[in-house]
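Next come the chains, spelled out residue by residue.
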Amino acid sequence: MNCFEARSEFVSFWHGALQAERRGDFLAHLRGCSKCDRAFRAFALTAPMLYPIEAAGETSEDSAAIDVSGGPRAGVARTAEILRRASVYRLSPRRREAGWRAVAGGLSAVAAAILVAYLSVAAPSQTLDDAISASMSSAADPNSEFLGQQMPQLLQTNGDLVS
Amino acid sequence: MSYLQSGMRSVLAFKRFARSVAEPSDQELVAQALGGEPAAFASLASRHRARVERICQRFFADTEQVRDLSQETFIHAYGGLKGYRAEIPFQAWLRAIAVNLCYDELRRRRRRPEELVDDFTASEARWVSLVNTATPEQIVEEAEQRRAAKLLADKLLATLKPEDRLVLTLQNGEDLSVSEIAEIVGWSEAKVKIRAFRARQALRRQAARLAQASKAEPEQ
Chain A
420 MNCFEARSEF VSFWHGALQA ERRGDFLAHL RGCSKCDRAF RAFALTAPML YPIEAAGETS
480 EDSAAIDVSG GPRAGVARTA EILRRASVYR LSPRRREAGW RAVAGGLSAV AAAILVAYLS
540 VAAPSQTLDD AISASMSSAA DPNSEFLGQQ MPQLLQTNGD LVS
Chain B
-13 MSYLQSGMRS VLAFKRFARS VAEPSDQELV AQALGGEPAA FASLASRHRA RVERICQRFF
47 ADTEQVRDLS QETFIHAYGG LKGYRAEIPF QAWLRAIAVN LCYDELRRRR RRPEELVDDF
107 TASEARWVSL VNTATPEQIV EEAEQRRAAK LLADKLLATL KPEDRLVLTL QNGEDLSVSE
167 IAEIVGWSEA KVKIRAFRAR QALRRQAARL AQASKAEPEQ
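In order, the protein sequence lines correspond to chains A and B.
Quick note: the first sequence uses our numbering, first residue 420, plus one each step.
Quick note: the second sequence uses our numbering, first residue -13, plus one each step.
In isolation and in its complexed conformation, chain B is listed as follows (with noise of 0.2 Å):
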């Protein structure tokens, strides 16, 4: 089996060599773009665009917002296609403009008030429940199936402030160190390290919250 596997893994590492041979790497495709070949571009966004819109994805999840936003990234990233700077890898570049983005529209959003986190629906409340009683395999299992699952997460993390949630979602979601948040945010290494804490804090207190309100209303 592992001899299986790792001869899978050779296939595609040869797969993925020879695809990089074949085709113009980000910066050249960059140059392209830069010299007035348009399809250049395009084939940055194709190359990029599900990985832009994993992003978006993390810190919204309604999919018309997230289409919206992942449209503004390339955009954005055209528009500013002179100012991009060769040495920085093109995808953190585009994430950097698309975490910013994400960052602006959590902004301009009204934050909910801690309150709401009780009003859940009973979808939600089931989920909660679930998430409560179940197996690990069984929550995982049932968290691909269910809306509410991810509903209900959201509103959690709509509980946060903007740059809590920002911070959480980058070092969770995204693995980034502290260092390449405050770079990409630019924000002190020290003020990132802060917003983590307390995100961290808001979270468990909600999740705390959460598991005694499903606790007082019985599945329905």
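Only chain A is shown next, with the shape it has when bound in the complex (with noise of 0.2 Å):
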């Protein structure tokens, strides 16, 4: 094996991807030449970074928060959830502030209508309290919330902020 070969097996090496006989030379051919030894050494100093050893699996479980893995109704969420993160991410504080505050605004509005329409069809034995706390937890069925409001407008935003 001559320098050029050893070297371009520096990384072979490293992800011990050499076959025996292969790896054999490779070995033979460092302890008898000192300037590959030494270029090894040096490579060995920054290989860590740029050739990780366990380069997927390090951070598999971090990235679990959106493993997109667990069939469409699962991966709608989780796009959701990359559609929301992309909102906090993007949005300066102003910007986020006074989307929440017409989301909260919208939101209060349509509660407010739900509530209207409902007591004035309701059956006059239903009691008030009973019809306000009807409306008001179908209005705070976060999926109904975030599918009938958030989402068109996080998807608006996203669109705004890339373009």
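Treat the hints as calculated values from the structure; they're not laboratory data.
Do not rely on the hints blindly, as some may be mistaken.
As the list claims (entries may be wrong) - Cut-off 27 Å, straight-line C-alpha distance, at most; resulting in silico cross-link-like pairs (DSS-like, lysine-lysine):
1. B/K147 - B/K179
2. A/K454 - B/K179
3. A/K454 - B/K136
Stated by the list, open to error - A few chain A residues facing chain B, derived, Cβ under 10 Å:
4. W433
5. L449
6. R450
7. M468
8. Y470
The structure presented is a predicted model; accordingly, all values stated were derived computationally and were not measured.
Glycine included, C-beta positions come from ideal geometry on N, C-alpha and C.
Both chains come to you apart, so use the hints to assemble them.
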């Protein structure tokens, strides 16, 4: 093995991917060539960053936060999570606050409209408290709130930011 | 043994082929995502997440940072999906986004002055000493277990200018050609070559200084 060949095998050796015979040749060359030996030691100083041995596994636990495996429904939910994060990461605090205020205002208006509509057609036997709690629980449903109000807004905001 | 290996390879190739037939291509998923199916983008993210994380890991040792950057990559990709051209492989497009985000982050960080390389911790000093004295097999074996090896490598690379580090990482870690790097970062090929040359020079200098320093400061 010559110096050129030996140096081209640094990465394979680092990842333990050399066949036994080739590995033997490589190590024999390093033992006999001080220049390549020095070059390998210099390579080893940066290799843990440039050629991480456990590259894929290390952050898999952390990135489970947006793990997108698990069927289409889970995929939708997780994409929504990405979109939610997009709005959090990319909006300036002022715009974010204004956005949430608009969402809160819109939700309040919808809840008020539902309440009024419900009260106007509610059965006379139903008490006012029952009617209010029934309408509030439907307005506070996180899924309907997200899909009905926030999702379109987030999609819109995300599109604006990118464009 | 070699029959067994080639048999295994064939099985793997067949599995890859079967998967490629059963699963929609990246382009199909992009079209579905653009057509208003968020689940399609989720599938794309799932498919390419590990690869994107690997790219970010070549630039940053901090796990949290890597996670944030890979997340940011998908957010940018989702936002810019309309601008994606089908003639480019989706993976390459994603890589370009990840690389540019990493480069932005490198530029945002303050570069470490060269003197800081001398200021390494005891475990980093032991690692340098081991690299200078142990056999190549021992070095590789130990590097897997030592966090100090990664931190020191990060410290060493942090002494480079962001553009030098970018080129060095893409050329060595990602095995990209000069023209591919030039295309990703939008520089001329000459600039990429100069940066690569300077990065290697600077690293050699730093490695020599480290070796010198570890000799002067014997193992504790």
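**Study point:** Violated constraints from the hint list, given by number and in increasing order
**Key:** When the structure is compared with the hints, none of them turns out to be violated.
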